[in-house]
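Going down the list, the protein sequences come from chains A and B. Read in order, the letters of the first sequence are residues 1 to 273 in this note's numbering. Read in order, the letters of the second sequence are residues 274 to 457 in this note's numbering.
Everything labelled a hint here was simulated from the structure, so no lab data went into it. All figures in this text were calculated on a predicted structure; none of them were measured in a lab. C-beta: ideal position from N, C-alpha, C; glycine also. It is possible that some hints are incorrect.
These stretches of chain A come out as covered by chain B in the derived footprint (C-beta under 8 Å, 3 or more residues) [what the hints assert, rightly or not]:
1) 4–13
2) 50–56
3) 118–125
4) 128–138
Chain A side only, calculated, beta carbon under 7 Å to chain B, not exhaustive [said to hold, decoys possible]:
5) I17
6) V24
7) N27
8) L39
9) N195
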Amino acid sequence: MLKKNFRKRLFKAAITIAVFGLLVFFNPYNFFNPFREILFKAVYPIEKTFCFLSWKVSDIYGIISSIGELKQENGKLHKENLELLSKNAMLCDMKKENEMLRNELKMLPRGKFELEPAQIISYDSRGQGNWIKIDKGRKHGIKIGMPVIISDSVMVGKVEEVFSESSQVILTTSSQSSINSVVSATGAKGIIKGNYGLKMIMDMVLQTDSINIGDEVITSGIGSDIPRGLLLGTVSEINLSPDHLFRQAVVSPVLDFSKLNIVFVIKNVKREI
Amino acid sequence: MSWRNMEIKITRLVLILAGVLVQTSVLTIILPPGKTPNIILLIIIAWTIVAGFEKIWPWAITAGIIADLAFFDPLGKNVILLVLASCAIGFLSNRFPIENRAGEIIAMFFIAASAIILDVFFNIFFAELRGVASKEQGLFLIKNIATQIIIGTAFLYLLYAFLKKVENRLDFLAPSQNRENYEK
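Between the sequences and the hints, there should be enough to build the whole structure, so can you do that?
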């Protein structure tokens, strides 16, 4: 009897695995998106509330764990404040110089995008920084391929899927991401690919192009809706490609994507400026 | 379909949806990157221990489909994982009944550890299949296994206690009686 029961169970499991195995194998791209749309529409308000509450809990935990450090931090900040006051005067002058240089490099002036602020409502289920889901979708004018940034010019990813009230954003560190890029200091061009949510690899850099550790890597603006000049990260390692034909640079993101809460979608570039 | 049956189905569906939301919108914010165990997998395992494979396998398929849709995974990936885990746990829980609290905790630890290891290697296998696997990814996943096992054991124990209460509330038979019925 036991054996018969076991065989019955094994048969059920085998049939299920075979059917869904075939489905995985022949999985047509975006075929199941209408079902995703229904699911996301149903859970949207709860998802938003869960995310909001989780950030509150995370903040409270952060405050509790940092109480001991606050006094020390206060003294440090007071000292830093004095230093910053003196630097501020110097930066005003540098701002003018920066605007002139950006103009020369044909980079877009900062703050010249039509932005749509969005709150992150869910993250990659494994917490590995491959994708995020934002609370803005088709209703708000979001389209596939739109770049997603923070702090005006730091690129975090691009819109991959759009639903009525939410969108999936593939982060620049995801292995599914591929963006044309350029090293701002030397002009070396390459393609930035994500490395499973951990870092980015700038590939296809010509051996003759100059590239140094610490250089900033920005978007090149070639061949997509992504404007030129969005910061992707800084070069932390330089290697040869496996076939030794090109150079590869390991690019570290400038911020921890797991700490993101609010992002901005570039809906348009104000061309008149 | 009677109202009672409908109520049971709605309760189970709500629990699965809650599990998916906790995974993507709570744990990924509260826990450090890469330390989040697969909560849906733990829910299905705990449920199989409580109610048996026969009763849970259609729900393992449902949970897998919902997880695949919500996690942007290819449809079927989580279904295979959940049905496989549920079948194995159903087979084992019939043969090794847990009799005391200490035994329960040790058993939970081994079950959570096996489930998380299976989940990690399953992910590496699928990444390889899709051509997006890398050595760093594998190392990153393996590096976080220990933390995931500790967190997973705690979750599995809590889920087991919670689902036991839920199943009793839904007027199901006690787990031990349930198993005996399946044996017959």
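Annotated coverage of the stretch 128–138 of chain A by chain B, confirmed only when three residues or more have a Cβ within 8 Å: holds (count 4)
Assertion that chain B covers the stretch 4–13 of chain A - criterion: three or more residues, beta-carbon distance below 8 Å: holds (count 6)
Interface hint for L39(A), Cβ within 7 Å of any Cβ on chain B: holds, 5 Å
Coverage claim, chain B over the stretch 118–125 of chain A, checked by counting residues with Cβ within 8 Å (three needed): This one holds; 5 residues, not fewer than the three required, reach chain B with a Cβ under 8 Å.
Interface hint outcome for N195(A) [beta carbon to chain B under 7 Å]: Holds: closest Cβ of chain B sits about 6 Å from N195(A), inside 7 Å.
Interface hint compliance - V24(A) to chain B, C-beta minimum distance less than 7 Å: With a minimum Cβ separation of about 4 Å from chain B (threshold 7 Å), the hint on V24(A) holds.
Restraint outcome when I17(A) is required to lie within 7 Å of chain B by C-beta distance: holds, 5 Å
Chain B contact restraint for N27(A) - C-beta distance below 7 Å: holds, 4 Å
Coverage of the stretch 50–56 of chain A by chain B (three or more Cβ within 8 Å): holds (count 5)
When each numbered hint is compared with the structure, no violation occurs for any of them.
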